[in-house]
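Place chains B, C and D on chain A using the hints.
One letter stands for each residue in the lines below.
Number of protein chains: 4
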Amino acid sequence: MAHDISETIEDRIQALRPGRGETGEPAGSLKAGSAVDRFARVRGRTVALAAPLSDADATVQSMPDASPAKWHLAHTSWFFEAFVIAPERGEAARFDADYAFLFNSYYDAVGDRHARPHRGMLTRPTLEAVFDYRRHVDRHMHALLSDGNARALAMLELGLAHEEQHQELFLTDILHLFAQNPLKPVYAADAPQPQPVAGEAQWVAFEGGLAAIGSDPDGFHYDCEGPVHEARLYPFELASRVVTNREWLEFIADGGYARPAFWMSDGFAQCQAEGWQAPLYWFSTPDGWHTMTLRGAQPVDPDAPVCHVSHYEADAFARWAGGRLPTEQEWEHAARTAKPGALHGLYTDVWEWTSSAFAAYPGYCPPDGAIGEYNGKFMSGTMVLRGASCATAEGHARPGYRNFFHPAKRWQFTGLRLARDTR
Amino acid sequence: MAHDISETIEDRIQALRPGRGETGEPAGSLKAGSAVDRFARVRGRTVALAAPLSDADATVQSMPDASPAKWHLAHTSWFFEAFVIAPERGEAARFDADYAFLFNSYYDAVGDRHARPHRGMLTRPTLEAVFDYRRHVDRHMHALLSDGNARALAMLELGLAHEEQHQELFLTDILHLFAQNPLKPVYAADAPQPQPVAGEAQWVAFEGGLAAIGSDPDGFHYDCEGPVHEARLYPFELASRVVTNREWLEFIADGGYARPAFWMSDGFAQCQAEGWQAPLYWFSTPDGWHTMTLRGAQPVDPDAPVCHVSHYEADAFARWAGGRLPTEQEWEHAARTAKPGALHGLYTDVWEWTSSAFAAYPGYCPPDGAIGEYNGKFMSGTMVLRGASCATAEGHARPGYRNFFHPAKRWQFTGLRLARDTR
Amino acid sequence: MAHDISETIEDRIQALRPGRGETGEPAGSLKAGSAVDRFARVRGRTVALAAPLSDADATVQSMPDASPAKWHLAHTSWFFEAFVIAPERGEAARFDADYAFLFNSYYDAVGDRHARPHRGMLTRPTLEAVFDYRRHVDRHMHALLSDGNARALAMLELGLAHEEQHQELFLTDILHLFAQNPLKPVYAADAPQPQPVAGEAQWVAFEGGLAAIGSDPDGFHYDCEGPVHEARLYPFELASRVVTNREWLEFIADGGYARPAFWMSDGFAQCQAEGWQAPLYWFSTPDGWHTMTLRGAQPVDPDAPVCHVSHYEADAFARWAGGRLPTEQEWEHAARTAKPGALHGLYTDVWEWTSSAFAAYPGYCPPDGAIGEYNGKFMSGTMVLRGASCATAEGHARPGYRNFFHPAKRWQFTGLRLARDTR
Amino acid sequence: MAHDISETIEDRIQALRPGRGETGEPAGSLKAGSAVDRFARVRGRTVALAAPLSDADATVQSMPDASPAKWHLAHTSWFFEAFVIAPERGEAARFDADYAFLFNSYYDAVGDRHARPHRGMLTRPTLEAVFDYRRHVDRHMHALLSDGNARALAMLELGLAHEEQHQELFLTDILHLFAQNPLKPVYAADAPQPQPVAGEAQWVAFEGGLAAIGSDPDGFHYDCEGPVHEARLYPFELASRVVTNREWLEFIADGGYARPAFWMSDGFAQCQAEGWQAPLYWFSTPDGWHTMTLRGAQPVDPDAPVCHVSHYEADAFARWAGGRLPTEQEWEHAARTAKPGALHGLYTDVWEWTSSAFAAYPGYCPPDGAIGEYNGKFMSGTMVLRGASCATAEGHARPGYRNFFHPAKRWQFTGLRLARDTR
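Residue numbers (the working numbering), protein chains in the order written: chain A, 1 to 423; chain B, 1 to 423; chain C, 1 to 423; chain D, 1 to 423.
Take these hints with a grain of salt, some might be off.
[As the list claims (entries may be wrong)] What the simulated footprint calls covered on chain D by chain A, stretch by stretch (three residues with Cβ under 8 angstroms from a Cβ of chain A suffice, anywhere in the stretch; the number is not a length):
(1) 37 to 48
(2) 53 to 67
(3) 188 to 199
[Claimed, not checked] So the derived label-pair ranges between C-beta atoms look like this:
(4) 129(C) <-> 286(B): 22 to 32 angstroms
(5) 183(D) <-> 33(A): 58 to 68 angstroms
(6) 207(D) <-> 336(C): 44 to 54 angstroms
No lab work stands behind these hints: they were computed from the structure.
As the structure is a computational prediction, the values presented were derived from the model and not from experiment.
Ideal Cβ placement from N, Cα and C applies to all residues, glycine included.
Here chain A stands alone, though its shape is the one from the complex (with noise of 0.2 angstroms):
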C-alpha cells in the first residue's frame, strides 16, 4: 500500500489540472509581461532552495515516498520542455533527449514499474547538469513568454503551480533525508518550520445550513476543487488554533499512542506495526523530546505546531481530546465565513488532517484531454488536508485547495485543529 502511494505523488501533482472560467479560458491566465516575471520568480525560488545542497544531498532517495532534490529540479523543467517547448520549438530544442525519459513521471506507469524507487540511483546527470537544463528552459520559457507565446501563456499558471508543489516535496524530502543522517545536519538556518502559537485555543462557532462548497470558477484551480456546489452542515464549533507540541506531549503522557480505544482500527495496527511513539522526528534525550527539523536537531517547542503526524494520529487525540476532526466542507465553510482574526494559521504552519475521504464533489467530471491523468484515480484510499504550510509557497493555497495523503504519511508537514458539533 505503502509502495503503491509512493508511486503516485507524482503522478497525481502531474494530474492535477485547471479547472476552467466562465470564459472558457484556462482560469488565472496571465498576460505576458507579468508572466516572465512570475515565471521568473517562482523558478528562482526552486533554484534558490537547491542552493544549500551538494551534489549527493541532491541525490539519494531516503525513501519511496520521497524524490530526490535533483529530481524536483529536473522534473520540474521537464514539465515546461514536455508541454509547451517541445510542442513549440520542436524535438530538437530539448536539453537532452534521455532526460525526457529520466525526468518524465510518466515512465513509470508507461514501462518500469520500480523506476520510482529507483530514482535515487541517478548519481548521473549531475546536480551541476541538472542546473543546465533548467538554464536551458528557463531560456527558452523566457524567449516564449516574451514573445506572448499562447501556449507557454495558456500552460504558465499549471507548470508553476506544479512546481510550486515540487517546491514543498523538495523540502518535505530533504527533512527525511537528512533526518536519517546521525549527523543531523542543519538544510538552512533560517528555513520554514512551524512558529509558535499563543495563548490557549478558543471555539468558534460556526451555524449549520447549506454552504457554498469549492473554489471560484474564475480563479485558478485544480479540477477536484469544483464545481461550485451546497453541503449541508450542522452546527459546529472550530479551534481557534491548531494543536500545539505542549497538547501532544499531554496525549503521550496519558498514554494516547499504547491505548486502543482512541484509534482507528487501521490506525492501531499501523501505530503498533511502526513502532510510533511521538511524531515522525522526534527522539527523546536525557534532556526531554527533541525534534529533527530543516534547521537541525532542536527541543521540542511545547508552544509549536506539532506537526509531522499521520491521520491515524490526529484522529486519535482528536477522540481523546473530546473532539473530532473537522469535515472538509465545516473547514472550508469556516475558512471563508470566520469573522477575521477568529481563526488563527489557517495557511501558516501546518497543513490540517480533515475527516474527509478524498472524493468527487457533486457534478465533478474529469476532463477530457487533461494534462496527465484523470485526477479521480486519486480519490481512494487519501483522506484531505486543508490550508497550507509553512512549507507552501507563498499565495499557493486558497481556501477550496485540497491537498490529501493516504492516512499513514507523517512526512509532510501535517498538523490538526480540533472540531465539535455545537453542544
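Below, chains B, C and D alone, put in the same frame as chain A:
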C-alpha cells in the same frame, strides 16, 4: 492491511450496537412470547446452515479474513452466554470455561495478536461438542426468555442481529473454503445465489434537494445508522437493476482489467499485484467462464448479477460504462423514495458498493457502555455497501443499513448498481 | 526460503531411491511370503497412528512445512497405486482419478505452485474416504505380492521406506498442529517421546585416519548414502549421550539465546527475528518450563534429551559448551566402530545435528530413471542429521542413514550430541 | 535471508584475522622500510579507484548488500585509526569522533540494526571530507611505521589485506550502482574486466589420495585457511579454463534457466522468484545480449569467462554440461600440484564457485583476542569460492585462500570451472 482488516471483521460485528428509541429502551425490544419464537427461529437457521458440513469442513480456515464454520457456531453462542447467561445465572452456568477464551473475539485485542488467523487450528473441540454448546445456551436462553428476564429480552435483538450477520459470513466463508478445493464440492443444491434479472436496465431519476438520511430511531438499528440528518443531494439517476455478468463480460472483453484509465490508482495496483482478470471464483474453461458457487462450479449465467467484485473493480466498471457508483446517501434516498417497482433487487442478490467511505454521520456520538467496542473505529479504510444479498437473513436489512468492507475485498456477495448525474 | 524448503519436504522423500546391490537387483528385495507380511505390518502401523485423530485433526495443515495427516495417509497409498497398481492393473484399477491429482506430490512441480500450502484446504475427501482408498490399495498390493509380482516386489522396500518416513512426519506434523491449540490436546498417552538418560556424559575417544563411509551396497539404502568411500578423520571425542534439557536450561540461564558470540551469523539473525528463547514447544509457566508433546503439555524433564532445537541452536549450544557438533563422517565412524555400550541412544530419542552440509559423496552419480527426482537437488541449504528419533519406525535407520533439514527448522525430533577435538 | 547475509559482509571481512607463524609472530610481518612503501602503495590504490567518482557516485548505496564508495574509503581508514592510531596516540588523535560511529562496521552489531542498509543516507560528510580523513590517517601511519612502531607493524598486513578486500568490494559495488542507471555510465575505460580465453577447455587429470590442504602457516593468511591438514580425494579432472559466455549462451538456448532438472531445489525457487534468465547485468537488445561492465554497456563477448553468476546458476550449468563443480579441496590440490600451464586463469578473471559449503577445517580453533569477531560465525549458509578475479588486488590471493558468499549472490565477479569424476 489485509491482515489488519481481517482481524477486525468480528470485532466490528461485535461492536455494532443498537441505537436507542425515543423511550430510552433499546429500539426493537420484544415481548417474551414472540421472543422465544424468534430466538428459536434464528438460532435454528444457524444450525440448519451447518447441516451439510463435516467436522473438517467446519474446522478449516481458508484465509485470515474468514473464520471456520465451527467458530461462527460457537461464537454466536458465546455472545448470549457472555452477555446474558453468565450475568444472570453466574459463571458456573457456562458450558466450559475454556470456550470464553476460544470463542471470544475480544481475546485477540487483549492477548495474542495472532489468534484470529489461528482459528483454523482448533480441531478440538469437535463440531459435535460445539453443537452441545449451542444446545446448552439455547436451553438457558429459552428459560430466561420464557421467564421474561429483562436482560435476555433487552439483548435479544442485538444478539440475533449479530447471529444473522454471522450467518452471512458463515456462507461466504464456506464458499471461500470450498472454492480452494479442486474437487469444487457442493455445499447445497438449493443454496443461496444471485438470481437472473430480466431485461435492460432503465435509468430512474431522482430530484436533488435535502434528503433525510438515517434509520428510524424507533426501530432496531446499529449506532452508525444514525442520527437521522439531512444531506444535500443533486439530481441523479440510478439504474433499475444491478450490473449483470453479461455486462461484466463486455468489460472484460474490452480490456477492462488491463486499462489503468478506468481504475483508481490503488485499485489498479491491487489488480495487478493479485492478477485479477475476472470476478473472484471465476475460472476459464474450454466451455467458457465458470464460477464457483455454494451449489458447486457452474457456468457463468450472463443474466445473473455480477458478484464477488471488489470496490476497485466496481468503480472501474462504472467509469468504463460511463457512469459512476452512487453515494450511500443517493442510494438510501432512492431506496426510500422510489416508486414501487422502479428499482429491482435492492435487497435480494448482491450488496451494492457505493462511492462513500464509511464515516460518521453528523452528530454521531459513540455511546458509553456499548456492547463491545466503539463502532467508529472502523470508520477508516472501508467503503459502504448498501442493500443486502442472497446470503443475508430475511428481514435483516433495511434502507438505512450500512455494511462496509475494505475496497479490495471480494469474498462477500458484492456487486454494483450504476448511477449518473442527470444530464 | 522457509517456503521453498517447505515445498520440498515431500518431493525429497519422493526423490529418495534405493542404491543397487552387486547383483543389479534393487538392494533389499524381499520374497513374496515375507513381503506380504511386511507390507501389512508397515501399512497397518500407519493406520494405527491415525486412530486417535478426528476428521478435522486429520485435515488441518498447521504450517506450510507440515502436511495434514489425511494427506500422509493418502499420499503413501498413491505411491503404490502410481508405481505398482496402475502399471500392472491399468488406470481403471485406480480408486479415484482425482486422487492422483490431489495426493501426488509432483503436482506442485507441474502445476499450481501454491498447491502444497493449500493441502489443508482439502476437507473433502473425508478421512473415511481416505481409509477406503487405503483398503483399496492394500487389497491390490496384497494380491500382487501374493502372486510374486515382480514390480510389486521390486518397489516394496522403497514404498515402505517412503511410508515409514511419512509415519515420522505424520507424528511431527500432528504435534505441531496440536501445539497450536490452546487446549493442548493429547494425541496418545503412550505416544513416542524422548526418554530420560542417566548420568553425566562421558567423552568417548576415536582415532583419526581413513574411515569407511557409506551404507552397505547390498542392503537397502538411499542413493545419497553411497558410494562407500574413505574420509580422512582426525582424532576426536564424542559424548556418550545426547545433550539433556538440564544442560539446555543452563545454556538458557547463561544467556545463551541472547549472546551473539555463540551463534552463527545467520542463526542469530533467525533467533532474533523469531524471538527464540527456548526450544520449540517450550512455554514458561509459574511452575517452570513446560513443553508440548504428543502426550499433551508436560513439565520439561531435565533428564530427557533436549528436543526440537534447530541446527542454529544446536551449534550455538555446542560452542557455549566448549565443544562442537560432530561432522557426519565422525558420527558414522563412531557409530560403526564404538565399543558396544559406549555410545548411548544413537537411534532412540532424537535426530542428531551434525556440522556437515548435505552434499554428494565422492563418486555420487544420480541414477537414471530414478523414482521421482534427482536426490541431489536438495544438496543445498540443508544440514545433515544422523541417527534416528523416538518417532522413527523401528528398523528404519542405519549407521549410514542421512537425514537432512534446513538449519532453522525445529519441528522435527532434533537434538544433538557434542564432539570435540582430542586435546 | 538476503538481508542477514548483507548485514554480515563487512563484519566478516573485519573478522578475518591472520593465522600465526611458527615464531608466534603474526605471519607476514614486515620491517619498517618496506612497510612504509607497501602501506603507501595499497592506500594509494584505493584513492586511485575513487578518482572517477563524483560526490554523489561515492554516496549512494544501490542495495543492502553493497556499501557506498565513500564508506569503503572511510571505513578502511577507520580500521587503522581504531586499531593503531588511537591506541598509540590517544583518542585525541582521531580525526573526528563521529567517524568512529559512522564508519565502524561493529556499530551494526551493537546498536541500530538498520544501520547498514542506511549507509547510503550519509550525504554528509562529503567525499572531500573523507579524503581529508584518509590523509589524516596516512600521516599518522606513516610516522608510526617510519618509527618502527610495533603495533603499526604488527597490524599492517591485516589492515592492508582488509583494505584490499574493500578495494574489490568498492569495484563490485560501483558496478552495481552504475548498472541501475539507465544511462549506463562508464566507470573507467580501462577498468578491470574478465578477459577472453582462447580455445576449447581440456580436462586435466588429478590423482586421488591424501592431499595437503591449508595455507602455509608461515605466510600471511586468514584463520579459516588453516590448520594444514589432509583430505582424502578421489581421482578427478578439472577443466583447463573457466566456462565462457559462449558456453553459457548454449545453456540459455537449451532452456537452462527453465528446466528444474538441472537445479538445486532452493536454486530453482530463487531463479523463478527473481526471474533470472541470464547472468546479472546481461540485457537483451536487438543486437543481441549486452552486459553492463565497469567500462559501460558492452556486447557479451562469447570468448570471455561468464561472470556474475550465482552458485545456484553455476551448479545448474555444471549439471547441464554433464560435469559438476569441484570441491574446494580438489581446487586447492589442483592449484598446488598442476603442471605449470595446465590450468589457465586461476587468479585472473573470476572467482570460481566450488561445491563446498564454507566450514571449519579439522582442528580449526577460533583464536582468542581476535581482531573483530570469530570468523567461524559465517560458516553457515555460504559456499566457498576459490581463486581470484580481475577486481582482486594483485598479490592478494593464494592457493589456500577461501572466499565465500551466499549461493544466491551474483554481484561479485563470480564464474566457474568444471570438474568431473575420472571415468
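Hints and how they fare:
Counting residues of the stretch 37 to 48 of chain D whose C-beta sits closer than 8 angstroms to any C-beta of chain A gives 0, which falls short of three, so the coverage hint is violated. Only residues whose C-beta sits within less than 8 angstroms of a C-beta in chain A count toward coverage, and the stretch 53 to 67 of chain D has 8 of them, enough to reach three; the restraint holds. Coverage of the stretch 188 to 199 of chain D by chain A is violated in this model, with 0 residues showing a Cβ closer than 8 angstroms to a Cβ of that chain against a need of three. Checked against the hint of 22 to 32 angstroms, the pair residue 129(C) and residue 286(B) passes, with Cβ atoms roughly 29 angstroms apart.
Judged by the Cβ atoms, the range 58 to 68 angstroms given for residue 183(D) and residue 33(A) is violated: they are separated by roughly 40 angstroms. Our hint of 44 to 54 angstroms for residue 207(D) and residue 336(C) is violated, since their Cβ atoms are close to 27 angstroms apart.
In this structure, the hints that do not hold are numbers 1, 3, 5, 6, in rising order.
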